[in-house]
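Asks: Here the structure of chain R is known, so what remains is to put chain W in place on it, guided by the hints.
If you read the sequences in order, they're chains R and W. 1 is the number of the first residue of the first sequence in the numbering used here; add one for each residue after it. 1 is the number of the first residue of the second sequence in the numbering used here; add one for each residue after it.
Do not rely on the hints blindly, as some may be mistaken.
[Said to hold, decoys possible] Quick look at which bits of chain W chain R covers, simulated, 3 or more residues with Cβ under 8 angstroms:
(1) 68 to 79
(2) 172 to 180
(3) 186 to 196
[As the list claims (entries may be wrong)] Think about it this way: if two alpha-carbon atoms lie no more than 20 angstroms apart in a straight line, the pair counts; the simulated EDC-like pairs of lysine to aspartate or glutamate are:
(4) W:Lys209 x R:Glu471
(5) W:Lys332 x W:Glu313
(6) W:Lys291 x W:Glu319
(7) W:Lys209 x R:Asp74
(8) R:Lys196 x R:Glu532
(9) W:Lys296 x W:Asp286
(10) R:Lys354 x W:Glu67
(11) W:Lys254 x W:Glu313
(12) W:Lys296 x W:Glu313
(13) W:Lys91 x W:Glu101
(14) W:Lys107 x R:Asp253
(15) W:Lys296 x W:Glu306
For the record, the hints were derived by calculation from the structure and aren't laboratory data. Just so we're clear, the structure is a prediction, and the values are computed from it rather than from any experiment. Glycine included, C-beta positions come from ideal geometry on N, C-alpha and C.
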Amino acid sequence: MTTATTVTLKIAPPPPEPAPATPNYLNVDYSLWSWLTTVDHKRIGILYLVSITAFFLAGGIAAGIVRLNLLSPDGAIINEDQYNRAFTAHGVLMLFFFLIPAVPGVLGNFLIPMMIGAKDLAFPKLNLASWYVFMVGAGFGVFAILNGGIDTGWTLYPPYSSRSSTSSVVPGVFGVFISGFSSIMTGLNIMVTVHKMRAPGMTWGRLPLFVWSLYATSLIQLLGTPVIAITTLLLMVERIAGIGIFDPMIGGDPVLFQHLFWFYSHPAVYIMILPGMGVVSEVLTCFSRKNIFGYQAVAWSSMGIAVVGFMLWAHHMFVAGISYYSALLFSFLSMLVAVPSAIKVFNWTGTLYKGSITFQAPMLFALGFVVLFVIGGLTGLFLATLGTDIHLHDTYFVVAHFHFVMVGGMVLGYMAGLHFWWPKMTGRMYSDWWSRVAACIIIVGFFLTFVPQFILGYHGMPRRYPNYPQEFHVYNVMSTAGASVLGFGYLIPVFYFTLSLFYGQKATGNPWSATGLEWQSPSPPPLFNFDEAHMPVVVAGPYEYSLGIDQMGRGLPEGPGLGTSNDPSSKHGETAAPGPMNKETHVVG
Amino acid sequence: MNSLPPLIPVAASTMAYQFEYLFWYITIVTTVGGLAVYAGLLYFCVACRRGNTTGSTPRILGSHRLELAWTIIPTIIFFSFFFWGAFVYTKAVHPPEDAMEIFVIGKQWMWKAQYPNGQRVIIGGNPANMTENERKSIGKLVLPNNRPVRITMISEDVIHDFGVPAFRMKMDVLPGRYTTAWYYPTRLGEYHIFCDQYCGTWHSLMVGKIAVVGENEFDEWLNGNAIQQGTENPVDGSVAHKGRELFLKLQCIKCHSADAKAAAPVLESLFGTRVPLKGGGGEFADAEYIKQSILKPRLKVVQGWEPIMPSYEGQVTPEDLDALVAYIRSLKRGTTPNTTEQMKPPVGAPTERSPGGKN
Chain R
1 MTTATTVTLK IAPPPPEPAP ATPNYLNVDY SLWSWLTTVD HKRIGILYLV SITAFFLAGG
61 IAAGIVRLNL LSPDGAIINE DQYNRAFTAH GVLMLFFFLI PAVPGVLGNF LIPMMIGAKD
121 LAFPKLNLAS WYVFMVGAGF GVFAILNGGI DTGWTLYPPY SSRSSTSSVV PGVFGVFISG
181 FSSIMTGLNI MVTVHKMRAP GMTWGRLPLF VWSLYATSLI QLLGTPVIAI TTLLLMVERI
241 AGIGIFDPMI GGDPVLFQHL FWFYSHPAVY IMILPGMGVV SEVLTCFSRK NIFGYQAVAW
301 SSMGIAVVGF MLWAHHMFVA GISYYSALLF SFLSMLVAVP SAIKVFNWTG TLYKGSITFQ
361 APMLFALGFV VLFVIGGLTG LFLATLGTDI HLHDTYFVVA HFHFVMVGGM VLGYMAGLHF
421 WWPKMTGRMY SDWWSRVAAC IIIVGFFLTF VPQFILGYHG MPRRYPNYPQ EFHVYNVMST
481 AGASVLGFGY LIPVFYFTLS LFYGQKATGN PWSATGLEWQ SPSPPPLFNF DEAHMPVVVA
541 GPYEYSLGID QMGRGLPEGP GLGTSNDPSS KHGETAAPGP MNKETHVVG
Chain W
1 MNSLPPLIPV AASTMAYQFE YLFWYITIVT TVGGLAVYAG LLYFCVACRR GNTTGSTPRI
61 LGSHRLELAW TIIPTIIFFS FFFWGAFVYT KAVHPPEDAM EIFVIGKQWM WKAQYPNGQR
121 VIIGGNPANM TENERKSIGK LVLPNNRPVR ITMISEDVIH DFGVPAFRMK MDVLPGRYTT
181 AWYYPTRLGE YHIFCDQYCG TWHSLMVGKI AVVGENEFDE WLNGNAIQQG TENPVDGSVA
241 HKGRELFLKL QCIKCHSADA KAAAPVLESL FGTRVPLKGG GGEFADAEYI KQSILKPRLK
301 VVQGWEPIMP SYEGQVTPED LDALVAYIRS LKRGTTPNTT EQMKPPVGAP TERSPGGKN
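Bound conformation, chain R alone (with noise of 0.2 angstroms):
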């Protein structure tokens, strides 16, 4: 950062506004039918987007009653079976079905092929595949859930489940078992496509970050998810056959059923977070009109968190009879997971320096992102040092703190995403005031939910207890009231993204003036995302914000957020003329 030049730069006028698609991937057939067979990346991701807002909000009325009963001591609307089939359905819900293919399936199927200028994923079909076979884990899934329920809490640790138990685990557990090869066959699919199909001239050191994220994520799918395939197959097994697995009382290991599940099911927390830090990485450098700050650092890490995210999943036992040497091991790798994630939240706040930033909706949810995040991991410090995790173990304050990483980091990521990429995807402005709104309440109603269950936890309450000593009373009600905010915060995006579908402001090709490739094309895009006679060919990095350039070299279009009727994003603006940006930029290092 020694030698600062003052250039003026010659940029190529932005491109102008690309033509409306006719037929663009929405209206070329409205039957059912079409969606129902489309192989088109795009489509599918939008498949994806209906089933996992369907299940979110289902786990969201099961994490509802949860809290509402833990309203009184002895349990306010419901009782400890059902409690118990509230709080799993909840935990199944959430994890399987709509965190682990929230980003890569809607997202990362509708933007990849786009961000990389490629015509769709490697394999089309596969694609369309990984949705059904999503949907048929689904259905077991929410077949276990109504037909009784699961009462095992999402861990589904034996012999409770494999003997205990007398609810739905089979039905339920072969859902996450089907539901696991969708998520094997998305990430296969995002991998192949990112090696084999980027456009000339992206090279890896010119891949937007959010592909380097979910690249990473695809390498954990592969690797792990066949792991809780044959965890829960055993699982099966032997609750249906009595076959001693994890029993001991018929000759098997109940610290096993730990260890496997949990060689998958904590690389699955990357799995869930890595693809929200992309999406981040994309919007703050969006939002501030910076480079993003130490480009080969944030994506390595990625690759980083990835591959040690398989070494410590035994952070999870240390309390579960594991002998000392290996809980000082996995502790001390734990520690080492936390740097690459440090490293991501300095490189954002790098990031901003000496940024131009606005604050639309898709930059508030990433700087929520940011600041929750942050909670989150240094919380999971605590957990990872040995001497602390012993009394914090089991307690509230380890829901307090996942629940940071995955509402905090993980929802908020994928909140930022549907809005930065929602006009993309429908053509559509949503209400730039009430989705700021939306953003800032969703936050706060966020920290008054869980901010009292860290308390809640150091004082020792544990996890699942549907009755409570009185002393835990005023920080459990406080933690209702909370989520009462954040439930309704959730509520306000469902009504002005389904009224923008309606009378929302069309959307310009690239309205945030942002550099990825997906912008290069109309929104919504065409069948093949691009032109096909002028298939995007790649000159430049992927957020040269400072120069003004896109990657293909060209000019940008004026951005949004200068409060005047020229933002697209502000309810009666137009879309600015486009022309070149008087551009003096200042190159740094």
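Replies: Below, chain W without anything else, positioned relative to chain R:
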């Protein structure tokens, strides 16, 4: 609704203090780090907002020096957490040699404990699912202050977890495998026991109490005095409990009952008091007198009663005598059994309980 609990929960063992120091070290360090990031974010968001800039931004790609700094410094800090945490954990999982050993068995959904001298007690469970008598038998895990105790645990069915927040200690209780935890209590009082590993319907009611008492009180209690028990009857497996069984078996209860049919003195709160004797004089009701009265009952008859009691010489062993004395010593007002009461199964024996939800 109660008022807010204290900021720092009660710390009642050496481990609790070890935990608190480490916890607050990590809390302070991470808070400083987190706030530094927040300060940066806030400053950039305010200072670099669009309205404050020309819209033109410098092309900053990164800085190797900064990357190196914010890789190495956090790593060092995280390792300091690791080493301190490992130090605390090492102490927490290695009980001292001289620790007294107490066995704890977890089952759905109650905890049972057994002391070195054979005393057994239910230390927690779901009272809603118990009979009246079982409910009376719920006691506490009584522990001595300032003495190390090792808990060796096993489960009868599924995985449980024996967690004591006041001691900042928890350990899973597995079927088919022993696990241990140990405590060095440092503060008198009563503390929660929670099952921390989800174990089914009444997981949240698989809770109990630990009572930390003074060393003398503990020894006294271990000898069969039931005062710490929270139950009316002597703790199962203790000497006094054996005496109670003999008291019923030898039909002492037929005459020494507390009801109108009594043909002999009530023995409640007898021990240590002065007894007026028939024909004048009196005697302290100590162990010697009670033993004598069992073996040669007509020697010193209490005033107001007829000498009708048969001699038990030859029927009771010296051990039985000790047990009976211990039992009489433990008898408090209102704890004499009913004359119709049959010998009950030992406390903690498997009892049938019909499953069913809250109504």
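Asks: Each of the hints needs a verdict: does it hold here or not?
Replies: Now the hints, each set against the structure:
Counting residues of the segment 68 to 79 of chain W whose C-beta lies closer than 8 angstroms to any C-beta of chain R gives 6; at least three are required, and the coverage claim holds. As drawn, the segment 172 to 180 of chain W meets chain R at 6 residues by the rule of a beta-carbon pair under 8 angstroms; at three or more, the given contact holds. Residue count for the segment 186 to 196 of chain W with a Cβ under 8 angstroms from a Cβ of chain R: 4. That meets the three needed, and the coverage hint holds. Taken as a hint, the W:Lys209 and R:Glu471 pair is honoured in the structure, with Cα atoms around 15 angstroms apart against an allowance of 20 angstroms.
Distance check on the hinted pair: W:Lys332 and W:Glu313 sit about 27 angstroms apart at the alpha-carbon level, beyond 20 angstroms; violated. A distance of roughly 11 angstroms separates the Cα atoms of W:Lys291 and W:Glu319; the hinted pair therefore holds under the 20 angstroms criterion. With a C-alpha separation of about 18 angstroms, the suggested pair W:Lys209 and R:Asp74 falls inside the 20 angstroms cut-off, and the hint holds. A threshold of 20 angstroms between alpha carbons decides the hint, and for R:Lys196 with R:Glu532 the separation of about 19 angstroms falls inside it, so the pair holds.
In summary, the hint linking W:Lys296 to W:Asp286 is supported, as the alpha carbons are separated by about 15 angstroms, within the 20 angstroms threshold. Simply put, R:Lys354 and W:Glu67 have alpha-carbon atoms about 18 angstroms apart, close enough for the 20 angstroms limit, and the pair holds. Straight-line distance between C-alpha atoms of W:Lys254 and W:Glu313 comes to about 19 angstroms, which keeps the hinted pair within the 20 angstroms bound. Simply put, W:Lys296 and W:Glu313 have alpha-carbon atoms about 7 angstroms apart, close enough for the 20 angstroms limit, and the pair holds.
Restraint check for W:Lys91 and W:Glu101: satisfied, since their Cα atoms lie roughly 17 angstroms apart, inside the 20 angstroms limit. At roughly 18 angstroms between alpha-carbon atoms, W:Lys107 and R:Asp253 fall within 20 angstroms of each other, so this suggested pair holds. Simply put, W:Lys296 and W:Glu306 have alpha-carbon atoms about 14 angstroms apart, close enough for the 20 angstroms limit, and the pair holds.
In the structure shown, a violation is registered for the earlier hint numbered 5 alone.
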